[in-house]
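*Asks:* Need the complex rebuilt from these two chains, each delivered in its own frame; the hints are there to steer you.
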Amino acid sequence: MKTEQLVEALVADRAAARKPISVALALGLGLGGMVSLVLFLVELGVRSDIGPALATWRFDLKVGMVLVTLVLAFALCLECMRPDAPGRPVRRLLPLAVLVIGAVAVELLAAPQVTWGTRLVGTNSLVCLSAIPLLSIVPLAAALAIMRRGAPSSPTLAGGAAGLLAAASGAMLYAFHCFDDSPLFVVTWYSLAAVPIVLLGALAGRQMLRW
Amino acid sequence: MADLNDLSALMRSARRGDDEAYRRLLGEVTVWLRVVVRRGLASAGRSATDCEDIVQETLLAMHLKRDTWDEARPIAPWLRAIARHKLADHLRRRGFADHVDIDDHADAPELAVEADPASPLDSRQMLASLPERQRRIVQEISLEGRRAADVALGLGMTEGAVRVTLHRALKALAVVYRRDRS
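Protein sequence lines correspond, in order, to chains A and B.
First residue of the first sequence: 41, per this note's numbering; consecutive thereafter.
First residue of the second sequence: 66, per this note's numbering; consecutive thereafter.
Mixed in with the good hints there might be a few duds.
Just a sample of chain B residues kept apart from chain A, beta carbon distances all over 10 Å, derived [what the hints assert, rightly or not]:
(1) Ser73
(2) Met76
(3) Glu117
(4) Leu156
(5) Pro196
(6) Thr223
(7) Ala226
Using C-beta positions, here's what the derived DEER-type ranges look like [claimed, not checked]:
(8) B:Ser194 with A:Lys59: 22 to 32 Å
(9) A:Phe219 with B:Arg159: 56 to 66 Å
(10) A:Asp100 with B:Ser194: 27 to 37 Å
(11) B:Lys236 with A:Val111: 24 to 34 Å
(12) A:Gly157 with B:Arg159: 29 to 39 Å
(13) B:Ser194 with A:Leu166: 28 to 38 Å
(14) A:Ala66 with B:Ser78: 22 to 32 Å
(15) B:Arg81 with A:Thr96: 49 to 59 Å
(16) B:Ser194 with A:Leu77: 41 to 51 Å
(17) A:Lys59 with B:Glu85: 23 to 33 Å
(18) B:Ser194 with A:Leu94: 51 to 61 Å
(19) A:Pro60 with B:Leu220: 25 to 35 Å
Which chain A residues face chain B? A few, computed with CB under 10 Å, are given here [unchecked claim]:
(20) Pro123
(21) Ala125
(22) Ser193
(23) Trp251
Note that these hints are calculated values from the structure, not bench results.
It should be emphasised that the depicted structure is a prediction, and the values quoted were computed from it without experimental measurement.
By construction, the Cβ of each residue, glycine as well, lies at the ideal position given by its N, Cα and C atoms.
Isolated chain B, as found in the complex (with noise of 0.2 Å):
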């Protein structure tokens, strides 16, 4: 990725509706958020076992806080700013008081870092404090693939009603996400 603040122009097509702008930024980011979330763990001298789990609940912020960008103003600051917040949030519920810096430097490539497969997050286990039905529309439409018009078919909902769903799972994932899991 060359700059963060290109991924403003897929923001702004997201915002128009364009799903694979969307999903192109949330790839991007996700590389991005490994590489910063690894170094803030490390300088706090923590182990990067929890470095997915918080990349995820940081994507869920970035996602249910979107509104909060203002298209007339960089998008880096706002992506960092986020990342601090949940880095630090993450690191203060086990007890790190420090400051948490996101440094600049993050932004280049040259420590992109897969995603650890041994992530200690179960799947199942995070979706099982949901609901049946909010469980269900997540893991269908997340783990299986499926789009939400078949998943409304398969449940017997309107397509409006399973995105409604969608969303309050995610906002209730959030919630879990922010308990303190250790």
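One chain only, chain A, in its complex shape (with noise of 0.2 Å):
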């Protein structure tokens, strides 16, 4: 085919306008989210406390980190996804490192330190490592399939990020089954959870996000 006669066929697929990205990923994301709260309400279900729980600043900050993580990965997602992503689009996620480190230094602060060893284990450390991963796969799986439209200068690194969204979804569920709200268990447990979920992504996008 000549490319003046490919051109032709290019200008005749005016395909009807998508909706953009961003909100295609929000929508995808959304919709995996759905299925993991229900599998979240089945299995583990809200903590009896969240009442109580609710007005104390350590339950609010573990919360708000996720929130944090979420809105950086879904934003670091978008980044990753154009071809033209400025080097190191990782940087986007410098807030987070700020506010984990702020988090951790109130911690230790606030608490007495014959009782980091207990807060840093905490209760429910072998249930997060499992449940945040679970709750993740189906946004995982969303999240890629959405970011198929994108042109991401680095496939691996778009998987990853797709990989930290949706562990950031899962962690969101299960922050409100937990108990433990220590800074000191949620930055580590949390964050270890984390890992197989944005190595999946990693590798599942290296394969599926190549153009």
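*Replies:* Right under this line is the structure:
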């Protein structure tokens, strides 16, 4: 086919205007999140003391950290889908690093030193390590499916960003089940729980997001 | 072409449904791509034989991924990024691992290159990998220059169905290009 002929085919392919990628990604994540929400309500459920917990700064800070991760990972995914993304898009996560360090510092100041160990170990770490990845699988699949519309300069990085986004959505649900609110616990175990999903996202992205 | 960024106006019109603007945009980009790709191949020590293939594969990618250009940003870096990606991809498939650069001076029109008439890829051969209906629709629209509405009449389909099939065919074609043919 001559190039001029190909151009004619491209001009004729006037695809109907689609939803912007950001809207599509938000919708896809929302749909995947609904599946995880059902799974969450059936298998885990909201903690019994949710009322009083909402009034504690540690719980609010926990949800806040997860929320910030969710928002930053979403922006990172959008950035990674562009072919002309500037170098080092991971810099977008810098505010999260600052927040995490701040949260840990506040906890170390607020809590007596003898309790640091028990706060770090918590009561639920194994559940956390398995529940967050399980709650993240469907959102990850949804995010990757939408991100196939993108043209990432690095499919692996874009897949990893999708993994982080999915892990944050899973963690957002799990945060309402888990009794461990200490930043020492959250920073340690939530991060460890996100690792397999980020890796899975990167591996899948490497294949699925090539273009 | 004075400046690659001037093409952003054409792309904006094209997005609002102006076919003529899109045709002009793709024409200008083709001219630019031939220069850029030829230079890229030369700097990698490759012959220009595959030039037109890479130009077509890149055009197809720009078309299918045109949503990823953000109107608030200049279009030149976006065009260059896709050209670089496709050129690097092509060279990698042929075992060339080094970094490929699309140099900025390639925008200069000094080296306007004509399409190589002896492009190694025969159209029919390229299209042959598509399913029958997709192939016919691409062929009638591109090779025979017919309008989607007329093609629809001839095939007893709706125009919408022709366009959906055409879109699928182009996506399939992008995959065919991506597969190594050497």
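*Asks:* Next, verify each hint and record whether it holds.
*Replies:* For each hint, the structure was consulted:
1. Ser73: Correct as stated: the minimum Cβ-Cβ distance to chain A is 13 Å, above 10 Å.
2. Met76: Non-interface label on Met76 of chain B holds, nearest chain A Cβ at 13 Å vs cutoff 10 Å.
3. Glu117: Not fine: 6 Å to the nearest Cβ puts Glu117 of chain B too close to chain A.
4. Leu156: 15 Å, holds
5. Pro196: With a cut-off of 10 Å, Pro196 of chain B remains clear of chain A, as the shortest Cβ separation is near 16 Å.
6. Thr223: For Thr223 of chain B, whose nearest Cβ neighbour in chain A is about 14 Å away, the distance exceeds 10 Å, so it holds.
7. Ala226: 13 Å, holds
8. B:Ser194 with A:Lys59: 22 to 32 Å: Given about 31 Å between the Cβ atoms, the range holds.
9. A:Phe219 with B:Arg159: 56 to 66 Å: 58 Å, holds
10. A:Asp100 with B:Ser194: 27 to 37 Å: Cβ of Asp100 of chain A to Cβ of Ser194 of chain B: about 57 Å, so the range 27 to 37 Å is violated.
11. B:Lys236 with A:Val111: 24 to 34 Å: Check passed, 32 Å falls within 24 to 34 Å.
12. A:Gly157 with B:Arg159: 29 to 39 Å: 57 Å, violated
13. B:Ser194 with A:Leu166: 28 to 38 Å: The hint (28 to 38 Å, Cβ to Cβ) is violated, given that Ser194 of chain B and Leu166 of chain A are roughly 51 Å apart.
14. A:Ala66 with B:Ser78: 22 to 32 Å: 28 Å, holds
15. B:Arg81 with A:Thr96: 49 to 59 Å: 52 Å, holds
16. B:Ser194 with A:Leu77: 41 to 51 Å: 43 Å, holds
17. A:Lys59 with B:Glu85: 23 to 33 Å: Given a distance of about 26 Å, which is inside 23 to 33 Å, the answer is holds.
18. B:Ser194 with A:Leu94: 51 to 61 Å: With Cβ atoms ~59 Å apart, the hint holds.
19. A:Pro60 with B:Leu220: 25 to 35 Å: 33 Å, holds
20. Pro123: Constraint on Pro123 of chain A satisfied, holds at 4 Å.
21. Ala125: 8 Å, holds
22. Ser193: Nearest chain B Cβ about 6 Å off; hint holds.
23. Trp251: 6 Å, holds
The structure fails hints 3, 10, 12, 13 (numbered hints given earlier, in ascending order).
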